[in-house]
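Novice: So you can see what is in the structure, the chains are spelled out below.
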Amino acid sequence: MRKPEFIYVSYIETTPERLWEALTSSDFTKRYWWNTSVVSDWKVGSPFSLLLNGQTTDVGEILEADRPRRLSYSFHHILNEAARKERPSRVTFVIEPHGKLVKLTLTHHDFAEDSVVIDGISKGWPAIMSSLKSMLETGAPLVIPLDALFIAELDEVYRS
Amino acid sequence: MKSDNFKPAIIYTIYIASTLDKVWQALTTAEFSRKYFSGLAVEAELKVGGAFIVRTPDGSVHIGGEVIECDPPRRLTITWNVNWPGLIEKLGPTLVTYEIEQAGGAVKLTQIQSHDRPIDDDILSGGRQGWPAILSSLKSVLETGEALVIKMEPPQRMLAALKKMGIATP
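Keeping their order, the protein sequence lines are chains X and W.
All residue numbers for the first sequence refer to this note's numbering, where the first residue is 1 and numbers rise by one.
All residue numbers for the second sequence refer to this note's numbering, where the first residue is 1 and numbers rise by one.
Hints in this document: simulated from the structure, not taken from any laboratory.
One thing to keep in mind: the hints can contain errors.
Computed cross-link-like contacts, BS3-like style, restricted to lysine-lysine with a CA-CA straight-line distance of at most 30 angstroms [as the list claims (entries may be wrong)]:
| id | chain 1 | residue 1 | chain 2 | residue 2 |
| --- | --- | --- | --- | --- |
| 1 | X | 100 | W | 151 |
| 2 | W | 47 | W | 90 |
| 3 | W | 151 | W | 163 |
| 4 | W | 35 | X | 123 |
| 5 | W | 163 | X | 3 |
| 6 | X | 100 | W | 7 |
| 7 | W | 151 | X | 103 |
| 8 | X | 100 | X | 3 |
| 9 | W | 90 | W | 22 |
| 10 | W | 90 | X | 3 |
| 11 | X | 123 | X | 3 |
| 12 | X | 3 | W | 47 |
| 13 | W | 164 | W | 35 |
| 14 | W | 7 | W | 47 |
| 15 | X | 3 | W | 35 |
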């Protein structure tokens, strides 16, 4: 059987540089990603973490950083106990100019066997990527409550 | 037609700042589809058993189908058969479902392409390439009023696979 992977392609009216900034700057991510901060110096080998309202949800390491074309990090969800026990997966963004637009390809792959995070990330990424596109094209992110996505790993966040 | 034996092969979810009704209209009327779907005109007779047709700008039928489920503005299932000689005989019918739901202040649109038999990845590459472009542009039309101009190369991998099966492609 083929290894599971999650691929999401989006076409956005923006520039590769703005899109890179939107993926790597907390000023942007806090607006379209449920007040999530992205913390890293974006150098290969450096640590990476996602903080939701100040609470660390995911950690990893920068594996590739070729601004503004390609960004890859390992991804280890640490909030939920079952997810914390499995080895990290990997997230890769590929940014390509496409005429006057930008084609963004997100691949979340290299999951542990029987990974418990696939369900959650498959629900989360389309909402995050949709809100990112709205923010870059209209100036306003989407208003999607996190609990509308029913991500089991974030139960604790929903309750708090 | 029974749709129970169809399995999802491609699923794409996109969230849009819009209303359920507007997303439904965008999916089912030529006025909208011409903007975001490479100039193609969607004509849907919105009742079970009604005709579903997608025409090229010269008026010829590109996709022919039938409405299988129709629950405006929440759910539409149609057969989506590209009008290439031999295609339906060799691949069977293609089913497309749109689910439209409210998600807070946004609308969640889920598009599902299903088949009643295993379909080769080379052939599915056409839909995997096409749907994100079509639905990215649909989202932009609804949010900004302007469609995206997405210049797509022909889906070479899919066309080569279809040709190998003896399906006549343009």
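Novice: What are the numbers of the hints the structure violates, in ascending order?
Specialist: 6, 8, 9, 12, 13, 15
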